[in-house]
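Novice: Residue numbers (the working numbering), protein chains in the order written: chain A, 19 to 428; chain B, 19 to 428.
Hints may be right or wrong, so weigh each one.
Since the list can't tell identical chains apart, any single copy or any two copies may satisfy a pair.
What the hints assert, rightly or not - DSSO-like cross-link-like pairs, simulated, lysine-lysine; straight-line CA separation at most 27 Å: (1) LYS425 - LYS411; (2) LYS26 - LYS103; (3) LYS239 - LYS209; (4) LYS103 - LYS31.
Derived by calculation from the structure, the hints in this document are not laboratory data.
Below are the chains, spelled out letter by letter.
Protein chains: 2
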Amino acid sequence: MDNLQLIKNLAIKNEKKIVMIVIDGLGGAPSYEKKFNTELEVANIPNLDNLARESLCGLAIPVDYGITPGSGPAHLALFGYDPVKYLIGRGVLEVLGLGMQMTKNDVAFRGNFATIDENGVITDRRAGRIPTQKTVELCNLLSEKIKKINDTEILLKPGKGHRFAGIFRGEELSDSITENDPHKEGNKPHKILPIDPEDKHALHTSKIVEEFISQATELLKPYKPANYILLRGFSKYPDIPRMQEVYKFTPVAIAVYPMYKGLAQIVGMEVVDGCENIYDEINKLKELYSKPYDFYYVHIKDTDVLGEDGNFDAKVKKLEEIDKLIPEILSLNPDLLIITGDHSTPSVVKGHSWHPVPVAIYSKDIPTVKNNVNRFTEEEFSRGILGTIYSTKILPLAMAYTMKLDKYGA
Amino acid sequence: MDNLQLIKNLAIKNEKKIVMIVIDGLGGAPSYEKKFNTELEVANIPNLDNLARESLCGLAIPVDYGITPGSGPAHLALFGYDPVKYLIGRGVLEVLGLGMQMTKNDVAFRGNFATIDENGVITDRRAGRIPTQKTVELCNLLSEKIKKINDTEILLKPGKGHRFAGIFRGEELSDSITENDPHKEGNKPHKILPIDPEDKHALHTSKIVEEFISQATELLKPYKPANYILLRGFSKYPDIPRMQEVYKFTPVAIAVYPMYKGLAQIVGMEVVDGCENIYDEINKLKELYSKPYDFYYVHIKDTDVLGEDGNFDAKVKKLEEIDKLIPEILSLNPDLLIITGDHSTPSVVKGHSWHPVPVAIYSKDIPTVKNNVNRFTEEEFSRGILGTIYSTKILPLAMAYTMKLDKYGA
Chain A
19 MDNLQLIKNL AIKNEKKIVM IVIDGLGGAP SYEKKFNTEL EVANIPNLDN
69 LARESLCGLA IPVDYGITPG SGPAHLALFG YDPVKYLIGR GVLEVLGLGM
119 QMTKNDVAFR GNFATIDENG VITDRRAGRI PTQKTVELCN LLSEKIKKIN
169 DTEILLKPGK GHRFAGIFRG EELSDSITEN DPHKEGNKPH KILPIDPEDK
219 HALHTSKIVE EFISQATELL KPYKPANYIL LRGFSKYPDI PRMQEVYKFT
269 PVAIAVYPMY KGLAQIVGME VVDGCENIYD EINKLKELYS KPYDFYYVHI
319 KDTDVLGEDG NFDAKVKKLE EIDKLIPEIL SLNPDLLIIT GDHSTPSVVK
369 GHSWHPVPVA IYSKDIPTVK NNVNRFTEEE FSRGILGTIY STKILPLAMA
419 YTMKLDKYGA
Chain B
19 MDNLQLIKNL AIKNEKKIVM IVIDGLGGAP SYEKKFNTEL EVANIPNLDN
69 LARESLCGLA IPVDYGITPG SGPAHLALFG YDPVKYLIGR GVLEVLGLGM
119 QMTKNDVAFR GNFATIDENG VITDRRAGRI PTQKTVELCN LLSEKIKKIN
169 DTEILLKPGK GHRFAGIFRG EELSDSITEN DPHKEGNKPH KILPIDPEDK
219 HALHTSKIVE EFISQATELL KPYKPANYIL LRGFSKYPDI PRMQEVYKFT
269 PVAIAVYPMY KGLAQIVGME VVDGCENIYD EINKLKELYS KPYDFYYVHI
319 KDTDVLGEDG NFDAKVKKLE EIDKLIPEIL SLNPDLLIIT GDHSTPSVVK
369 GHSWHPVPVA IYSKDIPTVK NNVNRFTEEE FSRGILGTIY STKILPLAMA
419 YTMKLDKYGA
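With the sequences and hints as input, model every part of the structure.
Specialist: So this is what it looks like as structure tokens:
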């Protein structure tokens, strides 16, 4: 599945512009209540339907058949990276999602406030699900009192409920260390240890993390049930070749949520700030279209949230809202436009799913009057000329149609 | 993509005969001037249409989505070899294309006559595009005067214009050496060096090549603008398992052009000489059909040339000409017939392209009354029962339908 090196050898820089609109959780699944229709089948989306009729259409599989992807792997696949080979650590995704900036040497992690009893046994891994406001207070306390362990800086950021995330920032840190979370109540927390006892950087890091936990435990004593911290998902900034090197793109990302900005940053995109909603995003796309970028990634979040809520009707409405923006995107006359999702989030599943995602590749240079597709729906796209493809293949196809790939072999 | 070892373990020798007709550059793309039809859609090809209705049809991807293959990788894929794993060097393809025979120890290369000034700077990489006749003369001169460097024989053959190709033939030669072509005018030629300075065979070879260039430069002094040679694409005969070993075939190749004969030879086929055109080829196929071969590769070149010329109408005519030969092929009553191309060469692209190639697998033993396909066209084949497959999968399918593959596992 991974032909990144091949693509890199063949990539050609030219002036043509590719716009990739990622409608998060785009794909749906048939709902019994809706007479076995999907969100896209119920939605009144004439602009997307028209576009589909003139596009190369198909279904895209983010990771593999039957595999439900998280946002990280799903986006990496859309950006052309084998999502099994290139994994972004949980800690990294969490800190990116909270809007923290990472550097190459950082070790990121996810944390819970938890309850520990006088015998050192974890009695509640979620500290009685303390409210977010309490977590904000406690993170502030810890941040204020523990700025550094030796030369290693500690940065914390509260999440929702009992959750927080953080970064160890220093020299010679390693993410090859174990977690203290016993994953079951009634157990003592584990010691943080280097995975390989001979690994000096990991040993060094484990000692720093242990010291941090020890100091935090001291400070949290008065705050039962939130009198302990469980840390997991230790991970460094991933070593992923940048889009500039692989595709020779000058790429830019337009997104509202920090996690998607972070993902874009990991693959080398310039990230635009200041967008609060879809309308801001489309305006930003218009503003930047005359600038010397050649790959525009636009992330639309709301469809995923509504799918996760299981709110079929609201997801339909959101799709209809997005549909009204399609003419504005087309008015830019992009050399090539991709409309797809990172994964499916069917309302009936109330979460991400493994269902293939509709993908439409439109270019004014591709004559496609004969097309088996009449509507922008999962079932019609299954008969599209692209067939069912891995999401990693979308970008190579887009490059081919914009003449950005040289011939392979003589 | 590479299941060669699996196929090899399962391959069974039997009497059934597979005929693979490769129509070079078969696939097309919609032309605006032709009301968005492709060459196949415009062509009047009733025999191919009839065949399609009774065949397993689909689209084949030679290398990968979006990748435009050269003839080498495209053919290797048709012969079932992973075209990314098994690469045939540029020099090898060039000497094969010029009809030279290679042995296992040879190092092949491509060359240009070029112009060098008194300061040793390349002022024209193509020697003012000297005519072919001049290249013939100069190759003769060099061949006559430099037969050997030490024990290494040198064989040259003129190509078109300023181009030529050649072979270093001797013991302990390596193709792991750099090129002298600076790839830009205004630079001095590079020294030929071993890629790994510790590699003794490469060091030995680089010295021989340097000495050849030096002697050639001396001989070419009076022939400005063709007073220098640039060499590149050093490559040895590839180490590819033969079809006899992988498939247990007794294979034979029928082709007009040397490059395709060379490609067939590389994978172990017996190569038939003496064909000048399609009619010769079909006659040869008929003549050999009673002989004890079980895999017949027939290469039809002209469609590719006309596609590269951008001559839509001529490509259509050529397809119609080929269509008239289909009954003759069917009259042999082959156990299995594959009709496909190595890659697409749409007239609108004027070159090889990444577009999937129609593939039809016909056998009198396969009942195919229910078929979504009515015509031998790209769009109809996209709905064929095979779907879109990698070209490497065609041969295993053909083997399955001719009972040439044993069960895998118990």
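Novice: What hint numbers does the structure not satisfy?
Specialist: Nothing - there is no hint that the structure violates, so all of them hold.
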